[in-house]
Every structure is written in structure tokens, then in C-alpha cells.
Amino acid sequence: MTLDILQAIAAGIPWTLALTAVALVIGAALGQPLCAMRFSRWSAVRFLASALILTFRSIPPIVWLFFIFFGFGSGYLQISPFQAAAAGLGLITAANMAEIYRGALAAIHPGQWEAAFALNLLPRHRFLDVIGPQLLRVALPSGATYAIGLLKDSAISSTIGVSEIAFQAYHTSQRTFHSLDVYAIAGLLYILISLPMASLARWIDIKLRARVAR
Amino acid sequence: MSGSPAHESPGMLQEAATEPLLRLEAIHKRFGAFEALSGIDLQVRTREVVAIIGPSGSGKSTLLRCINQLEPPTSGRVVLAGVALEAGQEPSRDALMRLRRSVGMVFQSFNLFPHLTVLRNVSLAQERVMGRRRKDADEISMQLLSRVGLADKASQYPGRCSGGQQQRIAIARALALDPQLMLFDEPTSSLDPELGLEVLAVMRELAENGMTMIVVTHEMHFAESVSDRVIIMADGRIVEEGESAQVMRNPTTERAKRFLHAVNDR
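Here the protein sequences line up with chains A and B, keeping their order. Going by our numbering, the first sequence runs without a break in its numbering and finishes at 451. Going by our numbering, the second sequence runs without a break in its numbering and finishes at 268.
Everything labelled a hint here was simulated from the structure, so no lab data went into it. Fair warning: there could be bad hints in the mix.
[To be verified] Facing chain A, from chain B, some residues (calculated, C-beta under 8 Å):
#	residue
1	Asn70
2	Arg102
3	Met107
4	Phe109
5	Ser111
6	Phe115
7	His117
8	Leu121
9	Arg130
10	Gly133
11	Leu179
[Unchecked claim] Output of the computed footprint for chain B on chain A, the stretches with three or more beta carbons under 8 Å from beta carbons of chain B:
#	stretch
12	275–281
13	338–352
14	370–380
Treat the numbers as computed from the prediction; the structure is a model and nothing was measured. Where a beta carbon is used, it is the ideal one built from N, C-alpha and C, also for glycine.
The following block holds chain A by itself, in its conformation from the complex (with noise of 0.2 Å):
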């Protein structure tokens, strides 16, 4: 019976797991354009930025699921509850990757720019060889950290169908009603897949600090 339960349950760790990669990817790319944009010289540019990053960040996820899979998906557009999901889920990512690039920005010391322009390098690889490398180091551990939890987050698209961990959870207990026993499965399911993210993370972060040791 248990064996049977943990095998329903299984079936929704690809989607959790996929959902989790996207909105990340989605957010951890969104967020540069969205972050810079907060440094931009029109102000118009850095007030919209500051405006979507609050919108994105003060509506819950559930309300923007239903905004996005029933709003739109319901006559605009044709959307997959899995696409609505990554869509919200990634927007909301992005806004938050924003603030925590904002905050790595700002951790890195001023000569590191100044050392770049006398150094005569392009806007391009002033980022991607002096800033970039520097910034990943120092946005990881929050970025690990609210990786972790938008893994749980992505529980949240069970209401709009995606058939992930909780959604599989969920049918299982009507299923069996052996609701206990399911959602203990479901949260047991979580921590396995947390604790390696959190391992991972603070391995690389470990490995980077002994390389740039001051």
C-alpha cells in the first residue's frame, strides 16, 4: 500500500523539479536586465523597474497563477497550467533575483568598477570578466536560499493543475484515504530534494570562498 502511495507521489517529482529549473532559469536571467534597470540614468526607467519588482513581489504566487492561467489563459492566450506556472513563478523569481542582485551590486567594492574603466575594458567585459564572477559569488548563498524555497512554492501550481508533488498528493489521499500517510510521503519527498540543493550550494560556496580568501 505505502509502496503503492510513494509511487503515485513520485510521479509529480519531475514536474516539481522542472517547474523549480524553469522559474529559476526564467528569474535568475530576468532578474540582470530587471536589477540593472534599477541603476539605469532616466529615472522613468529605474521607477518602472522599482514598480514591477513591487508588483511582482507584493501579489501573492496563488493570485498571480490565477491571474495568469484563468486571466489569460481563459480566452487570450492558449496556456498550459505548467507555462502559467513557470510564467508567474518566474516573474516572481525575477523580481526577487533583482533585489538580490541589487544587494551583491552593492557588496562589491567601488574600485572594482574603477579598476575595469582605467583598465580600458568594454561595458561587456567589465560584467561578464571583472563584475559577473563576482556578483554569482556573492548573490549564491540567497540565491541558494530562495531556490529552496521556491521549491516549495511551486506546490502552489497543484491549484491550477500542474500535476507535480502536492497535486499528486492530493488525488492520491482522495484516492485512498490514507491522507496521513500521503502528505507525510509528500513532505519527506520535499526534504530529500531540498537537502542536496542546500549541500550543493553550500559546497560551491565553500569552494569559491578558498579561491578569493582575502
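Dock chain B against chain A, hints included.
Showing chain B alone in chain A's frame:
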């Protein structure tokens, strides 16, 4: 005389010989209501070593940073190796690049890239800016690191090096781009006296080999013994300027006397 080509007029040659490498004309720099530089005129010839001394807040560092446009001047003109930048008008990227390419800069806080090895610190801009191949850049970097006595540190990260070593690496990094002018912004101010000495030794060697240098410093002995010319700044102006020993021993203006008194009384 007979060897000189006929199509080059003597006038042109003479002009080329006397044209200073760097010419600053009426440089002003304002930060909000505060005027950091109030009209600086300065010329530096090729192979000349100029020391700028003066009290804190007198505008010495700002002046250096105006030369390579880390701080664009509010008004005035910078002419360096034939590239002229007029304050107030947005410089073309090309002009800015050409100007910065002929200037190397060394900072008080070293500003080495902490995530790159010592070798990579020196090689990076050679590849990205000069288009050198990695192998060639690394070879040149190793020569420069040997020159500053740090070839054995090539594979280390800067964080593992002492302040004096870091500053020598920073000098090697700047030299790697073959600058015509080197700017030193208080290169020894964050070092203890002994580590400062090893950096000064490298700078002395550079000066002896004909590098054109402008050095903002509090090292009075270095200013007097190595530089050809000393400039004393106060309140955003040049208050005294001339041959090193002359300025250091017999300043003429009241402000310069006051500053040197304070220095010598320590």
C-alpha cells in the same frame, strides 16, 4: 642635418619634440556645490616624473582621476598623446578608449580582481583590450611579474599576497597595456612602511627606465629624490610648482610653506 627627409619641415619636427605628452587646461571639477578643482593648468613631458603633494582634500586624487576621465572634469580640456577631450561634451567612445589606452593607473587600494589568479589579473586586459592571444599575454605577464619580483606568485590569488605584493602586481597589470603615462594615486598610503618601500623601489626602477609618471603621494623623500618636478596643491589649486629640491626646500608661497612646515615638523 643632411639625413633629415626633405618633406618634413623643421617646424613640424620641433613642434613634435616640444609638445608635452599631457596638457591640462583650466580643469575645474565640481561635486555639487563643492569645487574640488579650481582651474588646473599642467603640462607633463614624456619621461618626466611629477609628484603631487598637498593636504588631504586638496584635489590631488581628483586631478589624477580627471586625467583618465574616471571623473570627467566639469570644465576644461585634457590633451593626452594627441587625443583631446573637452569637458562638457560627451566624448566619443573611440576618443575615450584611445585616451584611456595610453594611461595606466595604480590605486591606493590596489583593486586587483580577487576572483582571478595573479597571472590572470595581469593578462586579462591584454587579451580583451589589445587582442593579444592568451599565450602571448601570459608570457608578457610573466616577464612583468618577474620585473616586479613576483613571478613565483603567478598562480596564487591576490588575497594570498601581502599589500606590497598586491600593489606591485597592480603595477604590472597597468604596465601590461604599454601605457605612455602612469598615474599613481597614493600607491603606498595603505601599506606599512616596509611594504611601502618595496613598492617605491619598483616605482623608482620605472622612473629610471624613462616611464612618464604622475604620482600623488605623501612620501616626501620619494617626491624629492625620484621626481623631476613637485607640485603642491591646496584647496583645488596648484600653490607651488617647480624643480623638486627647489620646491621642497625653498617654497615661495605662504600656503606651500605652511604645508611643508607641517610635514617637516612630524
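Taking the hints in turn, this is what the structure says about them:
no., hint, in the structure
1, Asn70, "6 Å, holds"
2, Arg102, "4 Å, holds"
3, Met107, "4 Å, holds"
4, Phe109, "6 Å, holds"
5, Ser111, "5 Å, holds"
6, Phe115, "6 Å, holds"
7, His117, "5 Å, holds"
8, Leu121, "14 Å, violated"
9, Arg130, "5 Å, holds"
10, Gly133, "12 Å, violated"
11, Leu179, "7 Å, holds"
12, 275–281, "violated (count 0)"
13, 338–352, "holds (count 5)"
14, 370–380, "holds (count 3)"
Hint violations for this structure: numbers 8, 10 and 12, all remaining hints satisfied.
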